[in-house]
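J.: For reference, each letter of the sequence shown is one residue, going 1 to 163 in our numbering.
What the hints contain is simulated information worked out from the structure, not anything from laboratory work. Computed from a predicted structure; not experimentally measured. Even for Gly, the Cβ is constructed at its ideal location relative to N, Cα and C. Among the clues, some could well be false.
[Claimed, not checked] Once the Cα atoms are required to be at most 25 Å apart in a straight line, the calculated SDA-like pairs of lysine to any residue come out as: (1) Lys-73 <-> Val-34; (2) Lys-74 <-> Val-107; (3) Lys-53 <-> Asn-24; (4) Lys-36 <-> Leu-69; (5) Lys-53 <-> Thr-66; (6) Lys-29 <-> Glu-40; (7) Lys-73 <-> Ala-89; (8) Lys-53 <-> Gly-26; (9) Lys-29 <-> Asp-91; (10) Lys-73 <-> Ala-11; (11) Lys-53 <-> Gly-78; (12) Lys-36 <-> Asp-51; (13) Lys-20 <-> Glu-40; (14) Lys-74 <-> Thr-88; (15) Lys-38 <-> Ala-2; (16) Lys-53 <-> Lys-73; (17) Lys-73 <-> Asp-51; (18) Lys-36 <-> Phe-60; (19) Lys-74 <-> Thr-97.
[Said to hold, decoys possible] Ranges of calculated distance between the beta carbons of each label pair, as one might list FRET restraints: (20) Thr-88 <-> His-64: 34 to 42 Å; (21) Val-52 <-> Asp-90: 28 to 36 Å; (22) Glu-40 <-> Asp-87: 31 to 39 Å; (23) Asp-90 <-> Leu-39: 33 to 41 Å; (24) Asp-21 <-> Glu-75: 19 to 27 Å.
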Amino acid sequence: MAYTVISVFPATVDTEEIKKDLTNNGFDKANIIVSKSKLEDKSPDNHYEDDVKTRSFWDFIFAHDTEMLEAYKKESVGRNNIIVYADTADDAQRAKTILDRNGAIEVYRKQPESNVPEGMSEDVYNGIIAKARHNLYFLDSERVYKSGNQGMDETMDSQGSKD
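Given only the sequences and the hints, what does the whole structure look like? Please build it.
T.: In C-alpha cells:
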C-alpha cells in the first residue's frame with residue numbers, strides 16, 4: 001500500500017531547505033510536492049474558494065473524512081503544503097517526523113477515529129493518508145484562492161436601488 005503524507009507550513013518557511021532535508025534522508029525528489037498558496041484578493045471574512053485542481057486534490061485525499069477535509073482546506077489557505085509520497089508506513093512515519101521537525105503546523109482531528117492502523121499513533125495518523133499517488137490529483141506548485149464573499153459589493157436602499 002502507498003501512503004501520502006500531508007503537511008502545512010507558514011508561507012515564510014524555506015521549502016527548499018525542507019525538501020533538501022527529505023532528499024538527504026532518502027526520499028526521491030519526484031515524490032515530494034511543494035505547493036505554495038496565493039491569495040488573489042483579501043476576504044473580509046477569511047472565506048476563500050479553492051481553485052478546481054486544489055479542490056479535486058483535497059476531495060480525493062479526504063474522500064471519506066469531511067472533518068479532516070475541512071481542517072486541511074482551512075489551514076492550507078495562505079500557507080505552503082509539502083506532500084510526500086511513500087511506499088511503506090515506516091517511510092511515511094519517517095517523512096512525517098522530518099516535516100514536523102522542520103515546523104509543520106499541526107492540524108488536529110477533533111475526535112479520535114477508531115480506524116487508525118495498528119502500530120500508528122493518532123498524532124502520526126493525522127498527517128498520513130493511506131492513498132496512492134494519483135496523477136490526476138496533484139497540488140500545483142502554486143494554488144490560487146479567491147475571496148468567497150457571497151454578498152453584494154454595492155450598498156442598496158430599501159427599494160433595492162443602488163445608492
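J.: Next, verify each hint and record whether it holds.
T.: Hint by hint, here is what the structure shows:
| no. | hint | in the structure |
| --- | --- | --- |
| 1 | Lys-73 <-> Val-34 | holds (16 Å) |
| 2 | Lys-74 <-> Val-107 | holds (10 Å) |
| 3 | Lys-53 <-> Asn-24 | violated (30 Å) |
| 4 | Lys-36 <-> Leu-69 | holds (18 Å) |
| 5 | Lys-53 <-> Thr-66 | holds (18 Å) |
| 6 | Lys-29 <-> Glu-40 | violated (29 Å) |
| 7 | Lys-73 <-> Ala-89 | holds (24 Å) |
| 8 | Lys-53 <-> Gly-26 | violated (29 Å) |
| 9 | Lys-29 <-> Asp-91 | holds (14 Å) |
| 10 | Lys-73 <-> Ala-11 | holds (15 Å) |
| 11 | Lys-53 <-> Gly-78 | holds (16 Å) |
| 12 | Lys-36 <-> Asp-51 | holds (13 Å) |
| 13 | Lys-20 <-> Glu-40 | violated (29 Å) |
| 14 | Lys-74 <-> Thr-88 | violated (28 Å) |
| 15 | Lys-38 <-> Ala-2 | violated (29 Å) |
| 16 | Lys-53 <-> Lys-73 | holds (13 Å) |
| 17 | Lys-73 <-> Asp-51 | holds (11 Å) |
| 18 | Lys-36 <-> Phe-60 | holds (19 Å) |
| 19 | Lys-74 <-> Thr-97 | holds (22 Å) |
| 20 | Thr-88 <-> His-64: 34 to 42 Å | violated (22 Å) |
| 21 | Val-52 <-> Asp-90: 28 to 36 Å | holds (35 Å) |
| 22 | Glu-40 <-> Asp-87: 31 to 39 Å | holds (37 Å) |
| 23 | Asp-90 <-> Leu-39: 33 to 41 Å | holds (37 Å) |
| 24 | Asp-21 <-> Glu-75: 19 to 27 Å | holds (21 Å) |
Hint check: violations occur at hints 3, 6, 8, 13, 14, 15, 20; the rest are consistent with the structure.
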